[in-house]
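Protein chains: 2
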Amino acid sequence: MDAAEFRRRGKEMVDYVADYLENIEKRQVYPDVEPGYLRSLIPEEAPEEAESYEDVFKDIERVIMPGVTHWHSPYFYAYFPTANSFPAMLADMLCGAIGCIGFSWGTASEATLIALLAARSKIVKLIQADHPDRSETHIISKLVAYSSDQAHSSVERAGLIGGLRMKKIPTDNKFSVRGDALQKVLEEDRATGLIPFFFCATLGTTPSCAFDCVTELGPICNAEKIWMHIDAAYAGSAFICPEFRPLLNGIEFADSFNFNPHKWLLVNFDCSAMWVKNRSDIIGAFKMEPLYLKHDHQESGNHSHWQIPLGRRFRSLKIWFVFRMYGLKGLQAYIRKHVGLAKEFESLVRADQRFEISADVVLGLVCFRLKGSNELNETLLKRINNARKIHLVPCQLAGKFVLRFAVCARTTESRHVQEAWCHISHLASELLQELPH
Amino acid sequence: MDAAEFRRRGKEMVDYVADYLENIEKRQVYPDVEPGYLRSLIPEEAPEEAESYEDVFKDIERVIMPGVTHWHSPYFYAYFPTANSFPAMLADMLCGAIGCIGFSWGTASEATLIALLAARSKIVKLIQADHPDRSETHIISKLVAYSSDQAHSSVERAGLIGGLRMKKIPTDNKFSVRGDALQKVLEEDRATGLIPFFFCATLGTTPSCAFDCVTELGPICNAEKIWMHIDAAYAGSAFICPEFRPLLNGIEFADSFNFNPHKWLLVNFDCSAMWVKNRSDIIGAFKMEPLYLKHDHQESGNHSHWQIPLGRRFRSLKIWFVFRMYGLKGLQAYIRKHVGLAKEFESLVRADQRFEISADVVLGLVCFRLKGSNELNETLLKRINNARKIHLVPCQLAGKFVLRFAVCARTTESRHVQEAWCHISHLASELLQELPH
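Protein sequence lines, in the order shown, are assigned to chains D and V.
The opening residue of the first sequence carries number 1 in the UniProt record's numbering; numbering runs sequentially from there.
The opening residue of the second sequence carries number 1 in the UniProt record's numbering; numbering runs sequentially from there.
Heads up, a few of these hints could be off.
To be verified - When the alpha-carbon atoms are kept at most 25 Å apart in a straight line, the in silico PhoX-like pairs for lysine-lysine are as follows:
1. D/Lys58 / V/Lys329
2. V/Lys343 / V/Lys371
3. D/Lys142 / D/Lys168
4. V/Lys142 / V/Lys58
5. D/Lys125 / V/Lys343
6. D/Lys142 / V/Lys142
Bear in mind the hints are in silico, worked out from the structure with no lab data behind them.
This structure is a prediction, so every number in the text was calculated from the model and none was measured.
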């Protein structure tokens, strides 16, 4: 394919993309296929001779689309959102063309792991300054890190990867970690000779969008020389609205902070933003400078030591397009619209005596369930997802099986939420009628 | 921006991308700007009101392009290539539109780190099976991993991240690790009570594209129960040509293998492919299954446990487009063309008595230098890069400062290579004339 054909095919693809997104609600949100469905649709081996673009293009609908979960469908209410916007897609086209490897002025990801490893490196140096005889491996074997029992699985996984002991702090009845809960565990662990060094607070947990009490936790961490990392992957986008800024109180105590614009700020996946209070803590943990990567600006804003991979796509381009094309007001309106739709869904649930709300609705997530057994709710969720009209995922809150309704798509309107509720309510009626009285 | 405007703007962007790539050689390959140049060109804060697309588009040339290193310029000979092709860009447009988070059937990256951590987990379990009393932290403190002294900095960094002892094995006069060199270090380390558990072999090192002797190293690793990972990030793409397959001999001894189609196989960054001999070794090391990620097909080909991040872009789409649109023959022709261009450059260097070739030219990389001091070569490289016509990076080989000429761009033709050599040769003449006789 030469540039001339790319001009033609690229424009066709732009139309295909626009058609796809304009008509996405007509597609079944969740696929029917089983893993392995692709095997019979594609050849065993890569083609020897080049194929025509027509043949490839035809296969998008024949081969790819039947296996796609349509994350941008207004019937998608699972997990948390992943962003999608026209400006971001335009920027990504340009990013693909420039195709540079942004390792010198890149962006950050794997934030929890990076923060954890930086904290590990910092505490080891700190202890060795006073006790030069203690080996790194010995110190590491005594370290202990903490997070909420509601924290994302990636936090626990970061501990596994770093070969570090990690403990979960129990949460209160709002699913938040409070200061006294952390304090208690710290005292117990110090008494047995362990060295607390890291606490990962979550603002907006994945199960229920709960907020750890950072105003209580921050001063404790600062006093005890424990690195406090804040994971606000989903909720972080909402802090662009003044009315949600109080949820960020206590941020001044944090050593590092991360949120994902690719979740809720209209910037296509992947794009994760990280801040650190003292960048030398991060740089010191991983610096590697082989000759082939040396350049004249090593010390000025070089972000290559901030992440696991060396290279990165030119992600800032899509942030820039989106911020400019939406403006702060446009982005705020988008966040508020989603929160409004969640509140609308919450009202529908509360008006139905058969259901209960399982956690405070603060942003765009509603946790709800049928009053009754976990089994009943598991069956309801199974029927919802099997019907393929909308897509939800569950969570576990205080031992209860709960359904999560996360407002995700850019295209979700009130009518979709109303329709989703009618559908859920109808399936619940069917299910309850089948039960023995 | 609505879908109607996206149709219009998307088509304009397709033309901009085609224009950019068709005329890329007219642009200065390496930017003049200093870090921070952007600061005065953009406002201090994100815009309150949405801006027009015209304003954003205008700023591509005003703000972005002056800071870009044009990785796809035929005057770019630095590092290793990063791929770029029209089919891959078309696929990426579609990927952006589908915008799914591919955590259940994703692809692999961070391969060395993953292999290292899987190997760590495996050896710990193996030792604990015989000695249930030995703690994980105690075993880990005795472990030792190895790589070539020519291995990429990311290998050493993987050791740092995993909190693991890592040693470099000295290479022979071809910059390859040989079996006896590894054997010697293994014996010394076992004698002091350390536990060797991982060896990272490189096929195609970054400094000189050297190949570790896997046919000697593999049997040693297998006999000593050491996980052998092969990093073929750059050279891996060449193995689609039968004439380069012998470079892969010994692969049957490897526990894991990785290469980057985004380097030399026309698939845009990022895209890294990993194989493991026994997938349960990898899955066992990181498995995490919170309720919100549970689904019906946990065990069938779920790749979410193969990598550090949970989510991934839909990368396989661009591989699929590229394989189909080029065919095996087209891809082989592309690899052979680059190798041919490297050989052409090698002949030019060899024909000039002032220069020497510093390592065998096996694929698309030529390591060369002026006969003379490191200082002389550092000055030559500085002048080449300051002239901004072509871009090269250096390496260190056996204590010598060496220039790396890597054939990178899809658009590089013989005339560009000839022109680059004339330019280098001219700058060398100037430099040598300035020296005192």
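Results of checking the hints against the structure:
Distance hint between D/Lys58 and V/Lys329 is fulfilled; the C-alpha atoms sit about 22 Å from each other, no more than 25 Å. In summary, the hint linking V/Lys343 to V/Lys371 is supported, as the alpha carbons are separated by about 20 Å, within the 25 Å threshold. For the given pair, D/Lys142 sits about 17 Å from D/Lys168 by alpha-carbon distance, which is consistent with the 25 Å threshold. A distance of roughly 59 Å separates the Cα atoms of V/Lys142 and V/Lys58; the hinted pair therefore is violated under the 25 Å criterion.
The suggested pairing of D/Lys125 with V/Lys343 is violated, with an alpha-carbon distance near 49 Å, which exceeds 25 Å. A distance of roughly 16 Å separates the Cα atoms of D/Lys142 and V/Lys142; the hinted pair therefore holds under the 25 Å criterion.
Hints 4, 5 from the earlier list are contradicted by this structure; the remaining hints agree with it.
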